[in-house]
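Enquirer: These protein sequences, in sequence, are chains W and G. Residues in the first sequence are numbered from 1 upward in steps of one, following full-length UniProt numbering. Residues in the second sequence are numbered from 1 upward in steps of one, following full-length UniProt numbering.
It is possible that some hints are incorrect.
Because identical chains share one entry, a pair is satisfied inside a single copy or across any pair of copies.
For lysine-lysine, the following DSSO-like pairs were computed, each having C-alpha atoms within a straight-line distance of at most 30 angstroms [said to hold, decoys possible]:
id, residue 1, residue 2
1, 218, 281
2, 121, 42
3, 228, 323
4, 447, 401
5, 42, 218
6, 218, 121
7, 228, 437
8, 121, 281
9, 228, 401
10, 339, 401
11, 121, 401
12, 401, 437
13, 323, 437
14, 339, 447
Hints were generated in silico from the structure; no laboratory data involved. Note that the coordinates shown come from a computational prediction; the quantities given were computed from them, not determined experimentally.
There are 2 protein chains.
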Amino acid sequence: MHAHTALPYDQTAETEWSNIVLATPEVCRATLDSLMGRDAEKLASYFYQHMLGHPQARSFLTADAVQQRLHQSMTRWLRSIFHHPMDDAAGIVAHQRLVGEVHARIQLPVHLVSRGARLLKHHLRLALAQEFDDAQIRAQATAYAEGLIDLALELMSVSYERNSQREARTDEAYRLFAIGQNVGVERERQRAVLMEWANEVMVALHCKSAASLPPLRKSEFGMWFHHKAIAMFEGDMEVEQILDIIERIDNVVLPLLRPRDGARGAVERVSDLQDEIDNLKFLLSTLFERNLEAENGRDALTRLFSRRFLPSVVSREINVSQKRNTGFALILLDLDHFKQVNDTHGHEGGDLVLQQASALLLSSVRNGDFVFRYGGEELLVMLVEVTAESARRIAELIRSKFESTPFSLAQGHSVSVTASIGVAMFDGHPDHQYLIKRADAAMYEAKQSGRNRVVMAR
Amino acid sequence: MHAHTALPYDQTAETEWSNIVLATPEVCRATLDSLMGRDAEKLASYFYQHMLGHPQARSFLTADAVQQRLHQSMTRWLRSIFHHPMDDAAGIVAHQRLVGEVHARIQLPVHLVSRGARLLKHHLRLALAQEFDDAQIRAQATAYAEGLIDLALELMSVSYERNSQREARTDEAYRLFAIGQNVGVERERQRAVLMEWANEVMVALHCKSAASLPPLRKSEFGMWFHHKAIAMFEGDMEVEQILDIIERIDNVVLPLLRPRDGARGAVERVSDLQDEIDNLKFLLSTLFERNLEAENGRDALTRLFSRRFLPSVVSREINVSQKRNTGFALILLDLDHFKQVNDTHGHEGGDLVLQQASALLLSSVRNGDFVFRYGGEELLVMLVEVTAESARRIAELIRSKFESTPFSLAQGHSVSVTASIGVAMFDGHPDHQYLIKRADAAMYEAKQSGRNRVVMAR
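Turn these sequences into a full structure, and let the hints guide you.
Expert: Shown next as structure tokens:
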């Protein structure tokens, strides 16, 4: 495949590349070419020294083999950019994109690459000051070197971002897939392998000849937790707690039960082990249960979308709206005096009202609209393909439905609940958070100015 | 919260910022400050003119309101960077991170920002050439301006990447959530609303007084498809086909049936409409079915993990391995002469062998290991926490199990199938693709050197 026949953007990049080169006097180009022939290795060494000073970068460079290999590719890269940069602009452009793909695979983020490039540019500036007496030429050579490096980084960044976003999505899909694989069965299975290990320890304790107790870390449970559960429950605080307990069992509890030096163990410490195992079981079941709930994306009480996916849904609608030039609106609705409902009729009463309010909203919108539970007594509707006029009309309709609908409570009682409503039309601002804030401010104004009313956001 | 008390990296950034400023003579700093006071608006205009020439950037800047607002923030940003840059380095650093977060929310990628910055730096270089006669000072001022801009971009990039990856993950979670909401019910429901619309059209056709036929685009089906299905089925080619059909129905088929100018429609064209509706139904059911299959992440025949999540799983293990200094291995296994099995015993025979081969592998590994169907007759095992020695031993064990196990076919027949096996130990190279390639090359060598053997990758 020829890079020539790719996207228009690539053509732009090649033209840009050529333009930078052509705008530079031959003497500058030749000097940089020979400078790189001589100094590229030294520059690559500076680069890695500098990167090793950065904690996140260091993790990419620990293995000697990697460091050596990357040092070589860095040297080659520096030379390739400045060696006959006009011969194959398309090839150079394509190569930068490839580098970006590799960076995405090894998760080397753009900002670390930029950081390294800043250092390179600094050293190049110093080196070029030595090369030229003429200040004008020196400035041109510097601009040339920095221009090519910046453009190369930009090209890497294009493919890095595309690929790293794709990989982030696949990672998330994998995580959800791993959780979704029949969680009930998985929970019981892992509890079972944990208990098998515990049983093994107890048997070994009774069998005086066994040299040492089997470490939890190396058990089936330990292996599962370190290599599979960590991915499933990424970001949950119980993960670290479980890792700590595993370490404590292996390094503190087991050695006390059966010291390695053959001394008599403190068998009365068996209850310590049982306590740790109980903690493990508790944390594990918390993890499984939380993830069962959180992943379903719906609010348990109202069955509306939970707030979690609101940014995704609104961002997507902003894109649709920009592309197709259709309007959309957010309607943020807060139940008036909801605290009184809870105080007078108990939380069960409040819950009943929320469920009926949600049903009322769902019945007021279309197949393409979205309804979220935004907060405690705040509900949010996204109306797609509406004008400000119809958004206001629909909001007003919702308000009057609330006003006229008695909400049923237990034992044949009922209660009136009005709603304060803020409406924000999408105004072209690409930040979803900004739009939500506008709806929120309008709703606040509706509250302040007496409740049970609709306010359009400015 | 004080930015001072944040991560070590921030302190580094603040120190870097201060170092760039302190290394620059006061005259350069003062000149840039007053240059920005005078020219920042002009520079911001150049910036947006340039960005409008880029197709992807243009989509962020269409709305006048946005362009005006961003122009203002760009002007402010330029001034803030060069105005007393030592007074509050921590504040400046924190602000750049905030800008990166906003860019992530509006999905303005780093490479577009860098592109704009390249242009800014170019214009600044020209402007500074006018300001200073002394070449030395001019070079220092240029290095200063570019240094601060580069560092600011790098800081934006840090928070951009973190946030945009998080958002990509949430988007994917939302997509899977949207698909997972009882697909069977959803499929029937959307087919029903499509048929409701078709029915409405037919009724309107018979009722001569109705002015025009209801467009599909604005029907419940059209709304659902444009605002919900597009997110669920992102990237599937049927989506574009369905969008085309909806457009064709509304713009070609319906106007022929009932022209807007009141002329008599070609009622005999009803069959065209039915054909398009049949196409829609077919594409829709293809979409639902493909997504049901693809999302489950398992190979339908062997119930092993499908290849889809291999990059996620291996990347993650690379991270674990680097962090905890444990080895892991990939075992890539190809069934020997599998084509003969298929030719002699039919595809059913081949399928049976693959299923038994998968079961054999699953029974040979531990709770923390992974088994994938890598290709047609290629299976891949990831062994966690192993040395090269034990990886070779396990591979050899698998090879000998294959050699000694007769694979059952229909009607009491059986067949012998051996395996060629390549084993690659993780060697510190952070690219998962590189590791897979090494396992692949070793497996190829096992094939070439006579099959039914284990080769360790170099």
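Enquirer: Each hint: holds or not?
Expert: How the hints compare with the structure:
{"no.": "1", "hint": "218 <-> 281", "result": "within (18 angstroms within a copy, 53 angstroms between copies)"}
{"no.": "2", "hint": "121 <-> 42", "result": "both (13 angstroms within a copy, 27 angstroms between copies)"}
{"no.": "3", "hint": "228 <-> 323", "result": "between (41 angstroms within a copy, 16 angstroms between copies)"}
{"no.": "4", "hint": "447 <-> 401", "result": "within (18 angstroms within a copy, 74 angstroms between copies)"}
{"no.": "5", "hint": "42 <-> 218", "result": "neither (45 angstroms within a copy, 65 angstroms between copies)"}
{"no.": "6", "hint": "218 <-> 121", "result": "neither (48 angstroms within a copy, 56 angstroms between copies)"}
{"no.": "7", "hint": "228 <-> 437", "result": "between (39 angstroms within a copy, 24 angstroms between copies)"}
{"no.": "8", "hint": "121 <-> 281", "result": "neither (55 angstroms within a copy, 58 angstroms between copies)"}
{"no.": "9", "hint": "228 <-> 401", "result": "between (50 angstroms within a copy, 27 angstroms between copies)"}
{"no.": "10", "hint": "339 <-> 401", "result": "within (21 angstroms within a copy, 69 angstroms between copies)"}
{"no.": "11", "hint": "121 <-> 401", "result": "neither (66 angstroms within a copy, 58 angstroms between copies)"}
{"no.": "12", "hint": "401 <-> 437", "result": "within (25 angstroms within a copy, 64 angstroms between copies)"}
{"no.": "13", "hint": "323 <-> 437", "result": "within (23 angstroms within a copy, 41 angstroms between copies)"}
{"no.": "14", "hint": "339 <-> 447", "result": "within (14 angstroms within a copy, 74 angstroms between copies)"}
The earlier numbered hints that this structure contradicts are 5, 6, 8 and 11.
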